[in-house]
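Undergrad: Those protein sequence lines, which keep their order, are chains L and G.
The numbering of the first sequence is this note's numbering, which starts it at 46 and goes up by one.
The numbering of the second sequence is this note's numbering, which starts it at 46 and goes up by one.
Because the hints were derived from the structure by calculation, they are not lab data.
Incorrect hints may have been included.
A pair holds if it fits inside one copy or across any two, identical chains being indistinguishable in the list.
[Unchecked claim] Derived lysine-lysine pairs resembling DSSO-like cross-links, with alpha carbons at most 27 Å apart:
#1 LYS67 x LYS511
#2 LYS250 x LYS511
#3 LYS400 x LYS96
#4 LYS511 x LYS104
There are 2 protein chains.
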Amino acid sequence: MSDPFVIIGGDAAGLSAASKLKREDPDRETIVLERGKWVSYAHCGMPYYVKGDIGSITKLLSLSPEAISERNIDLRRGHEVTAVDPDARTVRVRTETDQYTLPYGDLLIATGAHAISDPIEGADLEGAFTMHGMDAAAALRAFLTPPEEIDPETVDDEYVDRDRVETYANREPPESVAVIGGGYVGIEMVEAFQAHDLDVHLFHKYDGVLMPFGEAVGDRVNETLREHGVRLHLETEVHEIVGDERVEGVIADDGRTSVDVALVGIGIQPNTEIVEETDIECGDSGAIATDEFGRTNREHVYAAGDCAEMRHAVTGEPAWVPLGLTANRAGRAIGQTVAGDPTPVGDIVGTAAVKAFEMECARTGTIDLERARDAGFDPVRETVTASSRSGYYPGAAETTVTLVADRGTGRLLGGTIVGSDRAAIRIDTLATAIEGGMTVGEMERLDLAYAPPFSPVWDPVLVAAKVLNGSLDD
Amino acid sequence: MSDPFVIIGGDAAGLSAASKLKREDPDRETIVLERGKWVSYAHCGMPYYVKGDIGSITKLLSLSPEAISERNIDLRRGHEVTAVDPDARTVRVRTETDQYTLPYGDLLIATGAHAISDPIEGADLEGAFTMHGMDAAAALRAFLTPPEEIDPETVDDEYVDRDRVETYANREPPESVAVIGGGYVGIEMVEAFQAHDLDVHLFHKYDGVLMPFGEAVGDRVNETLREHGVRLHLETEVHEIVGDERVEGVIADDGRTSVDVALVGIGIQPNTEIVEETDIECGDSGAIATDEFGRTNREHVYAAGDCAEMRHAVTGEPAWVPLGLTANRAGRAIGQTVAGDPTPVGDIVGTAAVKAFEMECARTGTIDLERARDAGFDPVRETVTASSRSGYYPGAAETTVTLVADRGTGRLLGGTIVGSDRAAIRIDTLATAIEGGMTVGEMERLDLAYAPPFSPVWDPVLVAAKVLNGSLDD
Numbered sequence: 046m047s048d049p050f051v052i053i054g055g056d057a058a059g060l061s062a063a064s065k066l067k068r069e070d071p072d073r074e075t076i077v078l079e080r081g082k083w084v085s086y087a088h089c090g091m092p093y094y095v096k097g098d099i100g101s102i103t104k105l106l107s108l109s110p111e112a113i114s115e116r117n118i119d120l121r122r123g124h125e126v127t128a129v130d131p132d133a134r135t136v137r138v139r140t141e142t143d144q145y146t147l148p149y150g151d152l153l154i155a156t157g158a159h160a161i162s163d164p165i166e167g168a169d170l171e172g173a174f175t176m177h178g179m180d181a182a183a184a185l186r187a188f189l190t191p192p193e194e195i196d197p198e199t200v201d202d203e204y205v206d207r208d209r210v211e212t213y214a215n216r217e218p219p220e221s222v223a224v225i226g227g228g229y230v231g232i233e234m235v236e237a238f239q240a241h242d243l244d245v246h247l248f249h250k251y252d253g254v255l256m257p258f259g260e261a262v263g264d265r266v267n268e269t270l271r272e273h274g275v276r277l278h279l280e281t282e283v284h285e286i287v288g289d290e291r292v293e294g295v296i297a298d299d300g301r302t303s304v305d306v307a308l309v310g311i312g313i314q315p316n317t318e319i320v321e322e323t324d325i326e327c328g329d330s331g332a333i334a335t336d337e338f339g340r341t342n343r344e345h346v347y348a349a350g351d352c353a354e355m356r357h358a359v360t361g362e363p364a365w366v367p368l369g370l371t372a373n374r375a376g377r378a379i380g381q382t383v384a385g386d387p388t389p390v391g392d393i394v395g396t397a398a399v400k401a402f403e404m405e406c407a408r409t410g411t412i413d414l415e416r417a418r419d420a421g422f423d424p425v426r427e428t429v430t431a432s433s434r435s436g437y438y439p440g441a442a443e444t445t446v447t448l449v450a451d452r453g454t455g456r457l458l459g460g461t462i463v464g465s466d467r468a469a470i471r472i473d474t475l476a477t478a479i480e481g482g483m484t485v486g487e488m489e490r491l492d493l494a495y496a497p498p499f500s501p502v503w504d505p506v507l508v509a510a511k512v513l514n515g516s517l518d519d
Numbered sequence: 046m047s048d049p050f051v052i053i054g055g056d057a058a059g060l061s062a063a064s065k066l067k068r069e070d071p072d073r074e075t076i077v078l079e080r081g082k083w084v085s086y087a088h089c090g091m092p093y094y095v096k097g098d099i100g101s102i103t104k105l106l107s108l109s110p111e112a113i114s115e116r117n118i119d120l121r122r123g124h125e126v127t128a129v130d131p132d133a134r135t136v137r138v139r140t141e142t143d144q145y146t147l148p149y150g151d152l153l154i155a156t157g158a159h160a161i162s163d164p165i166e167g168a169d170l171e172g173a174f175t176m177h178g179m180d181a182a183a184a185l186r187a188f189l190t191p192p193e194e195i196d197p198e199t200v201d202d203e204y205v206d207r208d209r210v211e212t213y214a215n216r217e218p219p220e221s222v223a224v225i226g227g228g229y230v231g232i233e234m235v236e237a238f239q240a241h242d243l244d245v246h247l248f249h250k251y252d253g254v255l256m257p258f259g260e261a262v263g264d265r266v267n268e269t270l271r272e273h274g275v276r277l278h279l280e281t282e283v284h285e286i287v288g289d290e291r292v293e294g295v296i297a298d299d300g301r302t303s304v305d306v307a308l309v310g311i312g313i314q315p316n317t318e319i320v321e322e323t324d325i326e327c328g329d330s331g332a333i334a335t336d337e338f339g340r341t342n343r344e345h346v347y348a349a350g351d352c353a354e355m356r357h358a359v360t361g362e363p364a365w366v367p368l369g370l371t372a373n374r375a376g377r378a379i380g381q382t383v384a385g386d387p388t389p390v391g392d393i394v395g396t397a398a399v400k401a402f403e404m405e406c407a408r409t410g411t412i413d414l415e416r417a418r419d420a421g422f423d424p425v426r427e428t429v430t431a432s433s434r435s436g437y438y439p440g441a442a443e444t445t446v447t448l449v450a451d452r453g454t455g456r457l458l459g460g461t462i463v464g465s466d467r468a469a470i471r472i473d474t475l476a477t478a479i480e481g482g483m484t485v486g487e488m489e490r491l492d493l494a495y496a497p498p499f500s501p502v503w504d505p506v507l508v509a510a511k512v513l514n515g516s517l518d519d
């Protein structure tokens with residue numbers, strides 16, 4: 046009986062699992078089925094490629110198909126899995142020209158997620174984009190770049206959708222854009238469009254951008270966006286992208302705005318179609334439910350990455366927080382488990398960071414008070430703004446820290462940080478404290494680094510812990 | 046009976062304690078006895094003042110004497126304590142013109158430390174400096190600045206030693222310097238002298254600079270210093286500073302080097318003279334022994350700051366690590382304890398950071414293998430160099446992380462980080478993990494932030510944890 050490790054999806058989770066297994070057990074056959082052409086690419090780098098910070102799109106590849114094959118991984122691009130049969134332990138595969146059934150010993154579902162644009166009409170017009178896929182990134186960069194400055198390598202790249210790129214490459218660059226959605230992708234793309242001198246309109250349904258980062262971050266980012274000349278349409282829903290073949294404008298709560306490009310960044314959903322016809326279970330989030338080893342409810346079937354849930358260390362409940370490290374880490378652990386060394390995928394605390402022009406934003410843990418209450422906590426929140434360095438040292442910047450703790454136990458539940466000087470990386474201190482189960486009282490006494498060029502005597506994180514610890518007794 | 050809270054020393058620990066007590070118990074009389082004129086100043090900022098990054102020396106004051114008196118603290122500058130009598134609960138005070146005995150209810154010894162230069166002859170010549178005191182900083186800055194560019198405010202400042210400043214202010218700036226000692230102060234001062242275009246010779250007794258930061262940091266800093274044209278005299282002891290009244294050169298193992306200035310930064314010692322005639326105990330380090338509340342062995346007598354030991358969280362043993370946050374934190378806790386709310390001063394893990402030109406260096410915990418063995422551990426160490434950001438993102442820099450863990454338990458004992466991109470602030474993640482009692486296995490699975498501009502998928506800290514965790518089983 047053939048017992049290959051079959052992996053559906055050739056991105057972070059899938060290739061981390063494949064690589065780890067081949068290191069631990071080089072003789073085990075490992076097959077990666079990827080329906081597209083691109084593998085192992087850095088989603089999070091795409092906005093910076095579009096912006097122009099990164100020269101060639103192939104720099105976003107963590108591993109080339111050649112490097113993958115050197116690892117003796119059987120990578121099959123253009124192979125789409127259409128069905129999974131956990132009883133027979135097989136998957137059904139379709140290629141452009143063929144179909145076949147592949148038996149597996151162990152199966153990893155690492156199908157990722159897709160950008161949603163459904164609620165908005167006109168998202169299929171030329172000039173309307175989502176930022177979820179390398180071909181979209183390549184086409185958009187080509188569109189934004191004056192024809193004479195297009196790097197021929199991008200157009201000639203062997204993986205890129207040349208037709209799509211060429212459609213845009215020969216046009217005069219657009220002058221205005223509607224970015225629809227003020228989440229990560231929206232905020233990063235605002236910066237990318239601005240770098241190409243477009244007139245940027247940001248439409249956001251709610252009053253604060255970057256909602257998962259909380260109000261204190263949203264407020265400072267709103268301010269930063271305005272300072273950079275971004276036209277903010279807050280609490281403004283876009284209903285339709287309009288145009289005759291090509292995008293000509295958007296219709297929103299505040300009327301019609303003429304633009305040449307529309308970028309839809311209103312969210313993503315896990316790719317779970319292939320489990321719908323099986324008894325492999327999804328959680329409340331809609332993503333595939335997994336246990337501490339990344340196993341689904343069916344034996345020998347694992348799930349990881351943007352299509353899977355993970356356990357949240359604060360609530361102890363499953364959560365769907367599709368992020369790059371989670372995918373890599375879970376994939377790697379599953380590879381090791383499949384190799385015979387059971388390895389937990391680890392918990393998540395939803396640590397994330399995003400750049401909004403010079404403003405560095407980060408969040409970790411549970412910062413939403415309602416969610417904290419649902420998880421059985423009595424949350425108390427404090428926000429402080431303190432200097433990133435000794436006040437007398439050049440470059441000191443106001444850093445805003447929000448912390449949430451449980452009143453009864455003092456346990457740190459979550460936090461956010463925003464500022465222009467080394468703000469985002471400070472979130473790792475909070476993430477570590479949360480995963481270590483620390484109280485804010487313990488945090489207040491942490492022996493953190495002090496050196497005038499990097500941090501004041503009382504780091505903003507310590508100031509926030511001190512203030513919140515004081516509030517716990519109120 | 047009068048029961049004032051009497052504090053010996055008007056700097057970080059002393060004034061933190063005084064301020065905290067006055068907030069908690071505004072009616073309690075609080076007297077701060079400071080033998081000098083300067084109070085509450087930022088030692089760590091002095092090299093940057095000398096360098097020229099900070100305009101006026103008074104910017105280094107955290108609190109002005111006026112602000113201190115607004116807090117109803119009875120600050121007495123120029124009042125030196127010459128004796129302590131814990132039986133009578135009094136201190137003996139001397140001023141320029143007078144002597145008196147002052148009874149106390151509670152006493153805090155916060156006398157700080159002093160720079161040592163004893164083993165080197167000629168350290169009293171004109172042009173020889175230590176960097177431990179504002180008057181030295183003011184004089185040195187005046188010396189380095191061309192007479193026509195001297196800021197008159199510095200000379201006129203009400204606290205500054207004008208005679209000393211004027212001695213140097215009217216001279217032509219020096220052209221070369223011998224920095225003696227490659228510790229924090231030496232390294233920071235090298236950068237300061239370089240900024241004034243001096244020819245800089247750094248003499249260091251051992252082969253690696255910044256010894257408390259370990260070899261991996263020392264090696265990269267050596268490289269950086271050489272790149273900046275600093276002349277390194279490693280494993281070279283200086284025996285004498287020579288000159289006729291003024292510094293003309295230094296005599297070291299490698300012969301005579303002609304220089305116009307000598308900066309001695311070979312270490313500091315706790316100021317413990319006033320307890321020598323009492324039964325107040327010092328620890329093995331020579332600093333005053335304290336318990337978890339900062340109390341000495343005598344009732345109602347506390348010690349904090351650079352003159353006192355603290356408990357080290359890794360070894361559980363007393364340690365003398367004179368740093369700014371420790372002094373502030375312990376002072377504040379003692380103020381609260383004296384106010385009737387017993388508050389632990391907290392443990393230390395010796396977290397420290399220092400800038401060497403563009404290189405950011407940091408350390409925390411126990412990194413010396415011999416010390417770790419003495420504390421009963423079986424230490425394993427690994428050093429990795431990894432990128433500070435996604436490799437494709439501009440500004441990514443090689444970041445070197447060393448971690449030390451105990452083989453048996455996997456517990457993280459210490460670590461160092463060096464690199465040019467947000468390297469130092471990452472040490473707080475390690476400090477938090479150490480104080481949280483984490484193993485490197487737990488660290489490897491930490492959910493840290495990933496965003497291309499700030500950090501790669503696997504932060505250097507995670508890479509190091511992964512490698513070290515793998516080595517624990519070897």
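Undergrad: If the cutoff is 27 Å on CA atoms, where do LYS511 and LYS104 land: within, between, both or neither? Let me know, please.
TA: between (44 Å within a copy, 25 Å between copies)
Undergrad: For the identical chains here, do LYS67 and LYS511 meet the 27 Å Cα criterion within one copy, between copies, both, or neither?
TA: between (48 Å within a copy, 18 Å between copies)
Undergrad: Are the CA atoms of LYS250 and LYS511 at most 27 Å apart within a copy, between copies, both, or neither?
TA: For LYS250 and LYS511, the Cα distance exceeds 27 Å both inside one copy (35 Å) and across copies (42 Å).
Undergrad: What label fits LYS400 with LYS96 when the C-alpha limit is 27 Å: within, between, both, or neither?
TA: The answer is within: 13 Å in one copy meets 27 Å, while 32 Å across copies does not.
Hint compliance for this structure: hint 2 is the single one not met.
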